[in-house]
Structure formats: structure tokens, C-alpha cells
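Spelled out from the first residue to the last, the chains are:
2 protein chains.
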Amino acid sequence: MKKFETEKLEKIIKSRFLLNQTAQIYGGVSGLYDIGPVLFGIKQNFTSEWRKHFVYYDKLYEVESSILLPYSVLKASGHVDKFCDILICDKNNGLSYRADHYIEAFLSKLPHSDEISQEIKMVDCMNCKDIDKIIQKYNIKTPDGNEFSPSIKFNLMFETNLGYKEGHSVFLRPETAQGQFLNFKKLYEFNNKKLPFGSATIGKAFRNEISPRSGLIRTREFEQAEIEYFVNPKEKTFKKFKTVNTLVLLLCFDNQEVKMSLEDAVNNKIINNEILGYFMGRTYLFLANIGIDSTLIRFRQHKKDEMAHYAKDCWDCEIYSSFGWVECVGIADRSAYDLTCHSQASGTELCFSEKCIPPVIKEELKPIIDKKSWIKILKKDYEQFSNELNSLSSKFIQDNMFKENDKFYINFVFNENSYKIECSQIRTTIHEQKDIPDVIEPSFGIGRILYILLEHSFYLRECGRPVLQLKPKIASTKVIISYVVQNAVFTSYINNILDQLYDYNIVAEVNERSCSIGKKYASCDEIGIPYFVTFDNDSLVDKKVTIRERDSMEQVRLNISDVSGIICNLINEKISWEELKFNNLKF
Amino acid sequence: MKKFETEKLEKIIKSRFLLNQTAQIYGGVSGLYDIGPVLFGIKQNFTSEWRKHFVYYDKLYEVESSILLPYSVLKASGHVDKFCDILICDKNNGLSYRADHYIEAFLSKLPHSDEISQEIKMVDCMNCKDIDKIIQKYNIKTPDGNEFSPSIKFNLMFETNLGYKEGHSVFLRPETAQGQFLNFKKLYEFNNKKLPFGSATIGKAFRNEISPRSGLIRTREFEQAEIEYFVNPKEKTFKKFKTVNTLVLLLCFDNQEVKMSLEDAVNNKIINNEILGYFMGRTYLFLANIGIDSTLIRFRQHKKDEMAHYAKDCWDCEIYSSFGWVECVGIADRSAYDLTCHSQASGTELCFSEKCIPPVIKEELKPIIDKKSWIKILKKDYEQFSNELNSLSSKFIQDNMFKENDKFYINFVFNENSYKIECSQIRTTIHEQKDIPDVIEPSFGIGRILYILLEHSFYLRECGRPVLQLKPKIASTKVIISYVVQNAVFTSYINNILDQLYDYNIVAEVNERSCSIGKKYASCDEIGIPYFVTFDNDSLVDKKVTIRERDSMEQVRLNISDVSGIICNLINEKISWEELKFNNLKF
Chain V
1 MKKFETEKLE KIIKSRFLLN QTAQIYGGVS GLYDIGPVLF GIKQNFTSEW RKHFVYYDKL
61 YEVESSILLP YSVLKASGHV DKFCDILICD KNNGLSYRAD HYIEAFLSKL PHSDEISQEI
121 KMVDCMNCKD IDKIIQKYNI KTPDGNEFSP SIKFNLMFET NLGYKEGHSV FLRPETAQGQ
181 FLNFKKLYEF NNKKLPFGSA TIGKAFRNEI SPRSGLIRTR EFEQAEIEYF VNPKEKTFKK
241 FKTVNTLVLL LCFDNQEVKM SLEDAVNNKI INNEILGYFM GRTYLFLANI GIDSTLIRFR
301 QHKKDEMAHY AKDCWDCEIY SSFGWVECVG IADRSAYDLT CHSQASGTEL CFSEKCIPPV
361 IKEELKPIID KKSWIKILKK DYEQFSNELN SLSSKFIQDN MFKENDKFYI NFVFNENSYK
421 IECSQIRTTI HEQKDIPDVI EPSFGIGRIL YILLEHSFYL RECGRPVLQL KPKIASTKVI
481 ISYVVQNAVF TSYINNILDQ LYDYNIVAEV NERSCSIGKK YASCDEIGIP YFVTFDNDSL
541 VDKKVTIRER DSMEQVRLNI SDVSGIICNL INEKISWEEL KFNNLKF
Chain R
1 MKKFETEKLE KIIKSRFLLN QTAQIYGGVS GLYDIGPVLF GIKQNFTSEW RKHFVYYDKL
61 YEVESSILLP YSVLKASGHV DKFCDILICD KNNGLSYRAD HYIEAFLSKL PHSDEISQEI
121 KMVDCMNCKD IDKIIQKYNI KTPDGNEFSP SIKFNLMFET NLGYKEGHSV FLRPETAQGQ
181 FLNFKKLYEF NNKKLPFGSA TIGKAFRNEI SPRSGLIRTR EFEQAEIEYF VNPKEKTFKK
241 FKTVNTLVLL LCFDNQEVKM SLEDAVNNKI INNEILGYFM GRTYLFLANI GIDSTLIRFR
301 QHKKDEMAHY AKDCWDCEIY SSFGWVECVG IADRSAYDLT CHSQASGTEL CFSEKCIPPV
361 IKEELKPIID KKSWIKILKK DYEQFSNELN SLSSKFIQDN MFKENDKFYI NFVFNENSYK
421 IECSQIRTTI HEQKDIPDVI EPSFGIGRIL YILLEHSFYL RECGRPVLQL KPKIASTKVI
481 ISYVVQNAVF TSYINNILDQ LYDYNIVAEV NERSCSIGKK YASCDEIGIP YFVTFDNDSL
541 VDKKVTIRER DSMEQVRLNI SDVSGIICNL INEKISWEEL KFNNLKF
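Protein chains in written order, with the UniProt record's numbering: chain V, 1 to 587; chain R, 1 to 587.
Note that these hints are calculated values from the structure, not bench results.
There's no promise every hint is true.
[To be verified] Derived list of chain V stretches under chain R, where covered just means 3 residues or more per stretch with a C-beta under 8 Å from a C-beta of chain R:
| # | stretch |
| --- | --- |
| 1 | 16 to 28 |
| 2 | 50 to 60 |
| 3 | 65 to 77 |
| 4 | 146 to 160 |
| 5 | 179 to 190 |
| 6 | 342 to 353 |
[Stated by the list, open to error] List time: in silico SDA-like cross-link candidates among lysine to any residue, alpha-carbon distance up to 25 Å:
| # | chain 1 | residue 1 | chain 2 | residue 2 |
| --- | --- | --- | --- | --- |
| 7 | R | 3 | R | 526 |
| 8 | V | 165 | R | 71 |
| 9 | V | 204 | R | 169 |
| 10 | R | 194 | R | 53 |
| 11 | V | 52 | R | 480 |
| 12 | V | 473 | R | 52 |
| 13 | V | 240 | R | 493 |
| 14 | R | 165 | V | 394 |
| 15 | V | 355 | V | 394 |
| 16 | V | 520 | R | 195 |
[Said to hold, decoys possible] Some chain R residues near chain V, calculated using beta-carbon distances under 10 Å:
| # | residue |
| --- | --- |
| 17 | 59 |
| 18 | 179 |
| 19 | 185 |
Beta carbons: idealized from backbone N, C-alpha and C, even for Gly.
So that you can see chain V by itself, here it is in the shape it has in the complex (with noise of 0.2 Å):
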């Protein structure tokens, strides 16, 4: 596997403010993180490229939802009772730790054997009391060498009070993804009533990790892209598959690991449904295409007790980095659980509705009754009567149904009477049907993918240079113009040019500094910046200059007046350094 070239990154992103932990000159905040101008720029990059790949490319609707959310709503999704870690102290000094993490770190020094192996397999799916019960068999003691006090669950959300009287709770949203579920209703009628249509939201989230590490890796504030794709839980095939099925994934189910295209993942039932699929393969080549190390890919599926129960499939988008494999993107068919569930608690229909054709005709044995004769019988109790009488569901019915020479009656209680009614075969014919669509929901983490595309694009050059190979266009600035020597006419000339490349939105610099050319380089090179333009003596005469590109460190002359156009081209990819290369020759 990739070796990765940790601890000189690091150097790099302390020293060239890439982050910076929060609030860091009172001592910092673990888990929070503070990003600055180079990664800001990156990060800016990312987005802009996520949502012309999955936003306009799939025609989203892009929305933009609160941060803090009601009780109601988290009690519903099932955030209040289950976004819990399970935490255990030190009876002595009330040090808290994750159990998971502690229990599995325990049991991975001790020696090898199956019954551990199962046991650290389970660690995640471990209630309090299986927890307490391993801790108990294993004599796990703290790091101090304390008992450890009964475990607890602790919920991971944010919690505070909104307004001024105490009891109105609102939490920091765990995940975007409910604020799209709670819009569903407004974007189904923005979709003008019809299905397939997905939304998406890029912003922040919160967990209150116990035990926060690994940098961007694992924080406590962090930034999601959802998207929420709504589908007919019939109507899984989808004509956009074939633009990715042919795709070869490495794939990882049931203990082993295989490449495989889509095509024959859907085809062998391996990968539940097309439009998961096709969700995988815009998945991974949007990782690939912002300089991911594609080899570096893999989809690991949720086995049956990681899953959420309601899920029908559930996919991992892993990312080899320096901390072995980790999870960047999940990929899960939630079935029509989230909708299901706002629905029933708020009381709002969360549905869509398909034409029947042809219309659906339905036979049903009814209670039916002549309205003249039960009149006369019930006087004005008849209209309540006959209400009741037809609000009776059709369960109901066919429960309580009984045969008398060969018709059907039921017994109707009304007003402590109970009245024998006949029942005959109605016929209705239905138009439209109501139903709460499935939803397909790829979950990126920003930090994450970030985080590791700095570790694949970073390496050393022979005499251990450092570089961050940043695709120009994710690059945060693209273009140093610098000159050998000072001269006031140069001002002119490149005013001009960075006149042109704002114009073309194109983030460029001038590096005045007086250091040499070479620290010019370095510099740049350690933080990505693709091109360097120096102005030199010989400017003046033949109104040329030097590009360099950073990859290779070639040089091309070029003429003072075509270098905001190239670069333009350079960075929308509409040119290659070595197409112009070869132009140049041809000059």
C-alpha cells in the first residue's frame, strides 16, 4: 500500500496555516478546527466541483436548512433515543472514555484467538450491558488502572435553548439530511408532483464526540454534502445507470473483495437497485476526477446487524490514507423510513401520488343500505349512523364478516344497538394512488475527503522537496506572477494580467518577495499553486516570459500577452501543459 509522507504534511499544514485548532492561542478545543485562507480555497474548489457533478448534473434542488432543530423533530427521526455513544469512567477520577474504541483497542493486544476475534467483530453492536459484561470477563481496567463505574449511554447531539423560558430544547442538527426531509412536501410541489427528484445540502453538522482524534478525521463540527433522492419504491431501474454500469468497482460484501463492474453488481443482486448504483459510480468518479488516488477507492456494504434496520442496502465509500481505510461517503437505500416517520409524528401526508393506468377497478364486499327505509327506522340519528357505518376500514369488515344462505352480513353496533346489515360487491374504480417514496441518500464527509486528498497529493520530490500535487482547478491560487528584477514596466504588464484573470475569476498573486527564485518555488510547490510566471530581463526585449508548471518544473515561453488566456485554458482544463508544450515548439 501507498506509503504516505504523514509528519512532513503536518509540518506543512501548521506552518502554512492550512488549519489551525480553535481557538488555539487559550490552549485549543479538541475536535474543532479553524480553517484557513490555502484550504479555504481547496475546500471552495471541492464544493464548486461537487455541485456541478452531482447539483446541476442531476438537477437537484439545493437548499439550505436550519442548524438548530426542534426536539419534535429529532424525536421523530430517532435522534433522541438512538445517536448515542456508550461511555465509560474511571470510578476514581472520572475520566470518561468511548467503550467501543477502549474495549477494542484492549482486546486487540491480548493474545490472538477466535472467541476474541468474534468478540471484537461485536464491540460495535454492544449494548450497555453486553459492555459491562465483557469488561467484567476480560478485567479490563482503566488506564490509570482503576475499576471502571457502570457504562452509560450518552446522546452525541448538541443541546440548547431556544427563546427564553427554559423546556423549548432545539439541538444542533446531527446531519443536513433532515432539513431535506422536512421539505419534502414543498419540493415534491417544486417538482410539480412527480418522481424521480433528489435535493441536496452542503453545511455544517455537529457531534459531541466523546473522544475526538485524528484530526479532520473525527471532529465535532463538520461539514456534510447530502444529497436526498426520492423515488418510487417501485421503480428502481434508472435510464441514467447506463452512463456508469461498465464502471469496474472494488467492491467488499460478505468477507471478501472483488472488482466488479455495476453492471453485474445490480444484474447479481449484489447492489440492491440501479439508481444505488448509479449513485456508487457518480460517486466514484467524482472522487477520482478532483485527484483522489482512484486505486485508493473501495465500497465496503453494511452487513446485516452494522445496518439500520430499515435500510435495504447500505454502502461505504472507503478512502485508503495514512489512517488504513476510512469511510468518506455513505451510500444507503433508507426506504421510506425518514418520511415515514415525520409523517406519522407531525401529522402531514409525506407522500406522492402516481396515476393508475388503466385505472385500477377494486371489488369489495360493503355494508350497503337504502337510505328511505333506514330513515324512517333511525330518524335523525341516521345521518351520524351512516357516517360510522362508512368510515368502517376494510380490514375491519372482512374481519367481522359472517355467511347466511349464502350472503354476507356483519354486525354494526351504534348507540348500544346492534344492527345486522347486509353487505354487497362494490365496485370502484381508482384513478390515483397515494404512497411515501424510498429514498436513495449519497452522505459525504467533507473534512474526511479533504484530509486525505492532501495526504494522496502530497509527496517529496528526489532532493526532498516537498510538493501538494493539487489538480489546478482545486488548487486554491492558481497563478504566481513574479520578476527576477524590479522594473516599472513590468507593473503595467501585470497589472494587466491580473486584471484579466480576475476577470475571469481566476485567483492569482504577485510574489514581490527578494528571496530567490528557488524559495519562490519551494513555496508555492508546498502548498500546490500550479503555475509560477516570472518576468525577466530579457521581457523587456522579446515581451515574453517564463511560465513553469509545477509537476514536471518544465518551462515554456510565452508571449506577455497570451498568458492570462493560457492559464484560463490551463486551469478549465481546455489545454494540457503538454499540448502546450508542443504549440510552443511549433512557434
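Once you have looked at the hints, place chain R on chain V.
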């Protein structure tokens, strides 16, 4: 003043899902809104323009800092103690009201008098005692006719707890500014230890408003775009000021409203300095550029009693709306206040250094001792004695010095003994001086500006049909492609245009609904889509289509092959509709 069609606009905001109250299906949460696809697109274009106009243009360093901030940071910034509203509660039913709003509304309804006008003006600055007094004086009752209990201070920050243990208080940031101050040192190093430079952040901030109202004007979760421009307090002239100095703005100060050029305002000391003036000018240009009616923009100077005690000058950019004049941007010279607070509280130096050219020679009287003879006296204590003596501040020496026989002495107490030590003139050469930078802060409320932009853009045609006259670069979807009659031949043309527009990052949609073309136009006009392309039966013959412009409702016939290029130029303001019409007539 302009008349706003607020009611009709609100109807479209709701029916076309520009906004939805958060968790609306659960009854909604006051002060929280979700943004739907159309307004999200507008907001995206808004932030792109902001980034280009401010971040790229002025080479600002954009950073993204955490929303969660620890207690220590907000204690130092003054928010824990001072970021409060005063609350008054009904003694009987506990209902709470924001004191300033309630009392102001009450007093405004009383018969007019100078005294009452004076009280109204003061309500903003009243403390709890003042509030209680005025309630008593005017016998102010609750809306239910009950007494108020004594007023209380209510902090507007949302508080939550970090990690498992109680007492690790963190707050949701009340402004994005603090994250920039906290990273000042890193940013200063990133800028090669030079001033001036600026940082910027676009992101969410939170205020637990007691009674949120007025839609996007006052919400509990809102988006800010803030710039912190760090400058040498002694250098507030600014080269780029000359790019805006001739702008004539409507300025409100000293109870007058005057049209004045920025140059005159700075020269006459109405605006404190050129940097402040520069950002006022840039703000005005930005707002006009995105489509705010520039005749409805004014800049109001904070009065002495309204301004934070540390601020050197502060101007609110107000825009006129259906709510009256609304503060949308605050532009303040905050002096060195914020960095000084964080430097003191964190113990980290947040300074810039300045080379002294020529070096400054400083002569001072300092207590000087002869090492050899004092070692004899103090023995092993000499080291400590010498250290303590040298660490005396200049001020202490100045204050405690006395003269005897033309010589200067101080009495220095060490280990309970007092020593009389002679002071001599010492000359030191200072090559570098340290100081804390001043901060100029333009702070934009994005939600407010967006809402008012909708108001300024919205109007009814003579026929009564609503139009959202957004600039093409601000509109969410840029173009709709449709056809009069469906024809398979069109599909490949349409897909081709869509592919090209996708390549240019231009959001286009196909309208396949079977309603009349008039209805389609109306549906696009009300959400601001500027262009509409129609394939008709002639298209098959002449390979041309019709493009219709939203505001003029004029149509031009174009070659199908030119459509995507021309739309791209229209959106990017490379050609105007007038020019397109003119050029087209020539062919």
C-alpha cells in the same frame, strides 16, 4: 418613497418555496427559516459576487472558523457580560417581552411631547434600573393588563456543553468576527508579517432573539459576511481610496442627511479615515452591482452614545424597504480593542512589528549596579536581585526616583531590605517597535440584503403579472428551454445546448409542461429567470429558435448553434440585450 408589493411578493415566496419556516410541518419555529432552491441559487450568486468584489479584489484571506466557541473567548470579547437584551415579564402569566421594543412602542402611542421623544431616544441605552423606573413612571402594563416583574438581563448567545462533563460551556458564535481575531497571529505570519491586510469569513452566526419577527430581517440563525482589515493605527491613509473618493453618498450624521463625496467627508473629518471611507464606497458599489436600488441606500453614523466605547467611528449602511430603513451592513473602526482583549486574556502577543527607520535612540535613567561588588554583598542571592531590579518598568523607576547631590537614586526593596541604588543615563537603540493593529470591520447581514433585494426587484406589470427583475448574474436559473410542439429532432439540439451551458456552469432547465407559453413565461418571470428559449415548427426549417427577455418581453431569433454562447455572454454581461437586438437586426 418607493411602494413595495409586499403582500404579492410574500405569496410568491411561499408558493414557489423561496423560504419555508423551519420544521413547518411540525408547526414551525419562530426566527428560523429554510431556504428553498430558487432563493438558494440567488444566495449562491450573491456570495460569489461578494467574494469577487471583496475577497479577490482586495486579496483578503478567507478563513472558516468554528461555530462553537469556548467560554474563555467570549468572556474576553465582552459577549458573556454585555451581549444582552433586557427582558420584562408578566407577573401573572410569565409571558416575556423585549423591554426596549415594548417600551418604545408604548411611548410612541402617548400624546407627543419633547420629554417623551427624549425618553424614546434613550430606551436603546437603558439598563435594568432605568427600565424599571420608566415602567413605574408611565405605569406601563402588559398586553393583558398585568404588572411587570423587575426587568432582567438576558444573554443572547446560545449555550451548550462540550464533551461529557458538565461545565465545559461553549457558545454558538454571535458573529464570525471572533474567529478571525483568534487567527490574527497565523494570518499575520501568512502575510509575511506585513500590514495592512484583511481577512474575511462568510458563515452562520446565532442570536437567541427574545421575540424574532419580520421574516429574514431578524432571525435567530443568520448568515454574515465579515471583513476584518488589520491596519497600523498610525497609517490610515489608503492608496486605493482614490478609486472610490469621488462617489457621492447619502450620509446621515449630526441629525442631518447630506449628499457628499467620500473625499469631502474624509477631508472634513466626518468619516474618520480613508480606509473606513474606502469600504463604505466599496459597499455602496457592491450593493448597486447586485441590483439594490442605489437611490435607497444611505450611510448613518452611530451617535456617541450608540457606538461601542472603543470604536473610533461607525457607519451603518441602511437600505430602504417595506420595514423602513434597515441596517444591512455595519462598517466600524473598532480600534485595537478586540486584539487587545484576546491578547490580555490568552497571554499571546497579537502585535505587528515595525522597523524603525532610522532606528530610534532612547535615553533612559536606569538603576545600574556593579556586579562584582554586589556579589560580595548578596552572595547567592545576587542573581535574583539583579533579575528583579532589571524587570522594573520604566514607569515604576520614573515614579520612585529621587535626586540627591545631582545624582538620581531609587530605593529598591529586596528580601525585606531596602537598598539605595544609583540610576544612570542609558542609551538603547530600538530597531523594531511592536504595536497592536487597529481593525476596520465591514459586516454584512446576508439574509436582510437578500430579502430587500427581492423587494427592490419585485414589481407588477401593467397587466398585474408579477416579475422579479433580478440581474441575470444573480438569478438562480438563467434560462429555460422549451418547445411549442414536441419533436424528437429537438431533443438532440436541446441536449447539445444543455451540455454546452453545463460546461459554462450556467444553470438551465427544460420545461416540458404542456401548459400555454404564456403561463410558462409567467411562471419564470415571478422567480426571475431572465431568458426563455423556444423551439417552434419553423426551427426545423431555419435552424433558429426564439429567445425572450424577461424585462422587455422582447424576442429575438437566433441560430440554434449560437444560443449557448450568446446566453453565456448575456449572463456574464459581455453583451447587453440591446446590443443583441441591434446585432441581430444587421443580419
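Which numbered hints fail: 14
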